[in-house]
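**Student:** In case you want the letters, here they are:
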Amino acid sequence: MADDAPLLELGPLQKSFGTSPVLRGVSLTVKKGEFMTLLGPSGCGKTTTLRIIAGFESPDSGRVKLNGEDVTDQAPYERDVHTVFQHYALFPHLDVANNIAFGMRMDKVPEDEIKKRIPEALSMVKLAGFETRRVSSLSGGQMQRVALARAIAGRPSVLLLDEPLGALDLKLRKEMQLELKNLQKKLGMAFVYVTHDQEEAMTMSDRIAVFNQGRIEQIGTPGEIYEMPKTSFVADFIGGANIFSARVLPGDPGRAHLLIEDEHEVDVPLDPGEVLPKPGKSVKVGIRPERVKVYYKDELPFGLLRFDATLKDSVFLGDACQIYLQMFKKAPDHRTIAWAGGDRYAVHDDLDVPVFAAVQPDDVYILEAEE
Amino acid sequence: MKKGKVLSGYIAALYGFLYIPLIVMFVFSFNDARRNVVWRGFTLKWYRVLFNDAELMGAMLSSLELAAAAALLSAGLGLLASYAMVRHKPFTGRRGYAALLNVPLMMPEVALGVGLLSFLVRAGFELDFGALACAHALICLPYTVAAIKARLKSIGDANLEDAAMDLGATEWQAFCKVTFPLAMPAIVSGSLLAFTVSFEDFVTSFFLAPIGVVTMPIKIYSMMKFGVTPEINALSVCLLGATLLLVGLNAWLASRAGDSPLA
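Taken in order, these protein sequences are the chains called D and P.
Numbering-wise, the first sequence is residues 99 to 469 according to my numbering.
Numbering-wise, the second sequence is residues 98 to 360 according to my numbering.
Hints listed in this document are in silico derivations from the structure and should not be mistaken for laboratory results.
The reader is advised that the hints may include incorrect statements.
What the hints assert, rightly or not - Derived pair list, reagent style DSS-like, types lysine-lysine, alpha-carbon separation capped at 30 Å:
| no. | chain 1 | residue 1 | chain 2 | residue 2 |
| --- | --- | --- | --- | --- |
| 1 | P | K274 | D | K213 |
| 2 | D | K224 | P | K274 |
| 3 | D | K206 | P | K274 |
| 4 | D | K382 | D | K163 |
| 5 | D | K410 | D | K376 |
| 6 | P | K186 | D | K163 |
| 7 | P | K186 | D | K214 |
| 8 | D | K224 | D | K163 |
Work out the full structure, taking the sequences as your base and the hints as a guide.
**Tutor:** Here it is, written out as C-alpha cells:
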C-alpha cells in the first residue's frame, strides 16, 4: 500500500433513525497518521459517523473501507479501530492495569508482551505507577487518561475519540488538547476526533470536516477553514462572521463586483478557481468581526473598502472590545460586529456617532449562492 | 407547633400498630406458660422444643430447599429476560413482554394457584417438588427482573459492553467478562429477595404442594389450629430474625453495588 493511500475511506454514507435522516451523504478520507476532526453542532451527524466507523451502527447505504478492505459489514470486534468514549467507559470491576490489558487479551497478545505494554501505555498518558489503582479512586482527568491508554495499548490503525474532553473543566481541557496532539504525533496514529468545540478543533487538527445537518459543509486544514470558508455556516461556526447578502454586478474577470445589502458597492478579488454566479444572481458574503476596523475620522489607509457607519453599542470584554455598527440605511436594525483590541472604544459615551468601517478587499469571503 | 405534635403522635401510633404485635410476640416467646395470655416468667424452653420438633425441622428444610431452588431458577430466567429487554434491539411486543413479566405481582395468588393447579393436572404433569419450585420461581420472577434489569440498563448506558466489543470482545465474551460480573450484585440481591418471597409464600404452596411436602408457612398454619402457642411465637421470632438478616444483607449488597459507579 502506498504511503499516501487513504487509511480510512467513507462514503457516501446515508443513515436514518426512524423517519429522520441523520446522515445525507457523508464522504471522508483519512490518511495515515492524520488528525482528522469532525466538527459540528449537536445533532449534525458527527457522532453517528464515528459510531459507523467503530461498527456500532450500520449505514443505510455507503461503505466504510479500512486499509483498503471493506469493513462495512464487520462487527466492532473485527475492526482494527478503538474508541475513547465520552464518559470513559472504564470497567469498574477491574483495576487500571486490567482495564488496559483487556483489549490485548482479547487480541491474544502474549502475557509477557502485555506486561511490557501496560507501563508503556501508562507512561504515554503520564500515569506511570497507576497499575493497581481502582478505577473508582481516579479523578475525571485520570479516568480519561486511562481510557486513552486502554485504547492505544492495542495499537489500532485508527483511534476514534468521541468528545473525550467534554466532561473536563476548561483548564484541564486546554492541557489535554496539547497533550493529545503531542501523543498523536508521537504515535503516528490516525485520530478521528469528534467535537463541537471549534477552538479544540483548530488547536489539534491536521484537517477539519465541518458537519451541518447530516452533511459535510467543508473539509480542510484549520487555516483553510478559517481563511477560506465556503459557506455561511462554516464562516459563522468557525470564528464567527458578519453575513450579508450581495448581488453580483458585471465586473472584471478574476474579481467580484458586488452590491452588499443593496447599498454598498465593493470590488473584491476572487480566489484562484473560485467561480462566481452570473451577474444579477445573489450570494452570501461574510466578513470576520476581527477584520473590521473602525475609524472615527476619514483617515483610512489606501486600499481599504470603506463603509459609512454609525456606532451603536460597545461591549468591553477585557482583552477585546466588541463594537456594534449600523452600516445600512435601508436595514437600520442590522448590526455589524467589529472587534477592537484593548479598551479604546469601551469608554466611549456618545453612541450614535458617525464612524467609518473598513475592511481589506480579500477579507470579504464569497460564500454560497442564494436562491 | 401543634401541628407537629399531632403529626408525631400519628407517626407513633402508626409504628405502634406495626411493631407492637411483633414485640408482644417476641416477649411471649420467652413466657414460661402453656397459654399465651399471662406472663409467668422467663424461659428458653420453647426454643428447645422448637429445635427438637422433627416435623417442624423437616418443614424448615423443605422451605429452605424450595426457596433456594426458586431463587436460583428465577435469577437465571430473570437474567435472560432482562438481557433480552435491555440489550437487544426493540422487538415486536417488547413492552407487552415487559408488562407480562410483572403480572404475577398483581394477579391474586389464589387465582394463580387455582390456575396452575388445574393446568398442571390437565396437562398431565406430576405435582412434585419440581413443579412447586417452578411455580415459586414464577411468583419470584418480577423481583429478580426488576433488580437485574435496572443494573443491566446502567451498564449499557455507560457504554461498557460497547467498550468491550470495541476492544475486540465478541458479544459472548463481553457478557462473560463485563456484563455478568458487573450484574452480579444485582443478581445476588434479586435472588435474596426471591428467596424471601418464596420462603414465606403460603397460597401457592397450599395449592400445589405434593403429598408429603410441608413448607414452613403451611406447618405454622396447621399448628395454629390449636391456638397460638409460645412455640409458634418462638418460631416466628426465628423467622423474623432470619428475614431481617436477609434484608440487611440485601441492603448491604445494594449499597456496595452503588459504590462502584458505572458512569
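**Student:** Would you mind marking each hint as holding or not holding in the structure?
**Tutor:** Hint check results:
{"no.": "1", "hint": "K274(P) / K213(D)", "verdict": "holds, 20 Å"}
{"no.": "2", "hint": "K224(D) / K274(P)", "verdict": "holds, 27 Å"}
{"no.": "3", "hint": "K206(D) / K274(P)", "verdict": "holds, 15 Å"}
{"no.": "4", "hint": "K382(D) / K163(D)", "verdict": "violated, 36 Å"}
{"no.": "5", "hint": "K410(D) / K376(D)", "verdict": "violated, 35 Å"}
{"no.": "6", "hint": "K186(P) / K163(D)", "verdict": "holds, 26 Å"}
{"no.": "7", "hint": "K186(P) / K214(D)", "verdict": "violated, 40 Å"}
{"no.": "8", "hint": "K224(D) / K163(D)", "verdict": "violated, 33 Å"}
Violated hints, listed in ascending order, are 4, 5, 7 and 8; each of the other numbered hints is respected by the structure.
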